[in-house]
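Undergrad: Sequences listed follow chains H and R, in order.
Take this note's numbering: the final residue in the first sequence is number 247, and no numbers are missing along the way.
Take this note's numbering: the final residue in the second sequence is number 423, and no numbers are missing along the way.
Treat the hints loosely; a few may be bogus.
List time: in silico DMTMM-like cross-link candidates among lysine to aspartate or glutamate, alpha-carbon distance up to 25 Å [said to hold, decoys possible]:
id: 1; chain 1: H; residue 1: Lys247; chain 2: R; residue 2: Glu358
id: 2; chain 1: H; residue 1: Lys136; chain 2: H; residue 2: Glu123
id: 3; chain 1: R; residue 1: Lys164; chain 2: H; residue 2: Asp101
Computed Cβ-Cβ distance ranges for the label pairs, DEER-style [stated by the list, open to error]:
id: 4; chain 1: H; residue 1: Leu191; chain 2: R; residue 2: Leu355; range: 32 to 42 Å
id: 5; chain 1: H; residue 1: Leu132; chain 2: R; residue 2: Asn119; range: 48 to 58 Å
id: 6; chain 1: H; residue 1: Ser237; chain 2: R; residue 2: Asn131; range: 49 to 59 Å
id: 7; chain 1: H; residue 1: Thr56; chain 2: R; residue 2: Gly102; range: 39 to 49 Å
id: 8; chain 1: R; residue 1: Leu113; chain 2: H; residue 2: Asp161; range: 54 to 64 Å
id: 9; chain 1: R; residue 1: Thr385; chain 2: H; residue 2: Arg54; range: 16 to 26 Å
What the hints contain is simulated information worked out from the structure, not anything from laboratory work.
Even glycine gets a Cβ: it sits at the ideal position worked out from N, Cα and C.
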Amino acid sequence: MKILKIQLIFQLLLIVSLSAQNYPSGKTILDKVDENMSAKTRIITSRMEIEGARGTRTMESKTWSEGDKRSFTEYLAPAREKGTKMLKLENQLWIFSPATDRTMQISGHALRQSVMGSDMSYEDMMSDTPLLERYKAEVTGSETIDGRKCWIVTLTAIKEDVNYYSQKMWVDAERYVPLKIDLFAKSGKLLKRSTLTDIKKVQGRWFPMVMTYKDMLKEGKGTKMIIANIQFDATISAGIFNKGNLK
Amino acid sequence: MIKFLFKGLLRDKSRSLLPIIVVTIGVTITVFLQSYMNGVFTDSIETTAKFSSGHVKVMTQVYKNNLSQMPNDYAIIGIDETIKKLRSDYPDMSWADRIQFGGLLDAPDSAGLTRSQGNVMGMGIHLLDSNDELKRMDLQSKLLIGRFPTKAGELLITNELFQKMNLKLGDKVTLMSNSMYGEMAMYNFTVCGTLHFGTQALDKGLVVADIADVRMALNMEDAAGEILGFFNDSPYDDSRAVALANEFNAKNSKTDDKFSLAMSPMSGVGGMDFLIAYSENAQSIIILIFVFAMSIVLWNAGLVGGLRRYGEFGLRLAIGENKNEIYRSLVGEALLVGVIGSVFGVVIGLVFSWLMQEYGVDTSGMMQNSNMMMPAVFRSQINSTTYYIGFIPGILSTVIGALLAGIGIYKRQTANLFKELEN
C-alpha cells in the first residue's frame, strides 16, 4: 500500500513536471515576441482599408516611431485626409487638421473614439508599453492556426488603468509573432479581435505585414492595415517629434 | 315634486348651503386637476416631439435600430427629393430634416493649440433659411446671451458648456466628429449665442448649428440623419401616427435593404413609448384616485346630511308620511344638491382651468436640474372630458350617500317615535 502511494505521488510529479516542460513561460514567449515586433525606431508606410456602412475607404500614411514613447504619423491619401498629422508624446496625443488649420489635443474620453473611423481607438494606438508591465502572462495551451503551431498566452491585467482587462494571444511557436489576439473586458466579453497575417522576415525579424482589427461590438468587417514598407532602427531626426512639425 | 324640493332647499339653508359648497369645491378641484394633468402631459409630449422625436420620424432602417448612437453613416441620402415627396404625399403635415451628432468641441489658445475642450451633442437644424424650427423648438425663449446664427459658420452653445470652456461670444471653436463616411471631421465655428434649456441632459453640452454647416462639417451633402414629421392640425395622436407609419413602411421599408426608409411613430422611438403610455395611464389613474377620494368626501357629506335630519324624518313618519316618500324626497334633494353643486363646480373649475391654460405657471426656475424634457411653463388644457368629469363625483356620490343614509328611515319603528321625540 505504501509503495502504491509513493508510486502515485511520483507519477503526479512526473505529469506536472512534463506539462511544465511542454509550455514555455509566458515571459519567455513575450520577450521573444518583443524581439521581433519592437525596435529602437520604426518607419512604416502603410495602407489602411476601413470597411464602413457605405463601402471601403483606403487611407495611406507614413509613421515614424521611437520606442514606445514617441510617434508621428502623416496621412498621405485620400485628398480629404491628406496632410492630417498625429503626434504622440508619452501619453499625450495631438492631431493637426489642415482643413481647419488647428492642432487639437485628444485626451480623456475622446481617446476612446475611433481613429479615422477605423476599428482602432486612439487608446489602442497609444498603449504600446511592454505587455509584461501591464499584464501577467501565462501559457494556457497550444493550437494550430493556418497550419502553424501556436502557444496560447493568456494575459491578465496587473494594473487598473489598462484598456482591456485580459488578452488571449496566439503566438507562432516557431517565429514568435502573434497570429491572433482577442481583447476582453473585465466581464469576459470579447471587445476586439486582431488577426496578423502575411508574416515576412524584415531585417532579420519576423513581422506581420497585414493586420486586421475588428471591433466586435460594431457591425462590419473590420479595419485592415497593410504595411507597404517598414524600416527598423533607422535614423529619425529629433525634430520630427515636435509639436511645431504638425503644421 | 322638484319645485317642492327646490323650495325646501332654498328655505332651509342649513340643509342645502353646506352640501352645495362641499360639492362645488370638490367638483371644482376635480375639473381643474383633470385639465391641469391633461395640459402637463400633452405639453411634455409636444415639447419632446418638437425637440427630438417628432410626431413621426423618418430614418433609414439601420439608423432607426441604432437611434441612440446617432449613426450618421446610415443617414438618408437624397434628402431634398425625399422631403419633396413627403410634402406631396402628406400635405397635412410639416417635415423637417435634422442631423444629430456627437463630438468634441475644442477652443484654441493664442498659439492655436487646445485651451479647453468639451464633449458635445450636436444638432443641425434649419436656422438660416427658415424660422420654422426656431419657432417649433421655442429656441427664442432659450437664448440667454448673444444672437441666433445669421451667417454660415456660426454656432449656438449651451451656457453651461460656454462657461465651462471659458468662452466669449465671437470665439472660434473647432468641432471634431466623424463624417458620414466614417472619416475624421474637423470644422471651425464661431460662437454667436448661448442657450439655456433648464434640462441637465441638454445644458451639459448641446450645440446647435445651421444644418448646411453641419452638412459641410460631416461631409453629408444632400443628406440628413432623420426627418421629423408633425401634424399640422393637432397635437400628438398615437393611433393616427401608428397608422401613418404602418402605411409608409408598407410602401417604403424593405427588409433586405438597410438604407430603405422607415417611419417610426413617436411611441415607437426609444423611451417615448413609455412616456406616452405613462401619460395616458397616469392621467387616468391620478384622476380616478382623486374622483374616488372626492366621492368618499361627498358621500360622507350626503350621509351626514341624512343623519342630521334624523329627528325631522321621525316627526314626518309620526304625522303619517310614507317611508318611501321620505326616502325619495331625501334622494331627490341629494340629486338637486349634486346637480347644483356640480354645475357651480364645473363652471368655477373651467374658469380656473381657462386661466391656467391662458397664462400658465412658469416653473423654469424649479426645473433647472431636471433630466426630463418638460415645458418651462405648465398650462392646463381643457378638452371634452373636462366638461363632464366633475359630474361623476358631484352627483353620483351625493346621491349614493343619501341612498345609504336614507336606509335608516326604513328601520324606524312608528311605536317608538314619540318616545324618541321626547328625548
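Undergrad: Enumerate the violated hints, using their earlier numbering and listing them in ascending order.
TA: 1, 4, 5, 7, 8 and 9
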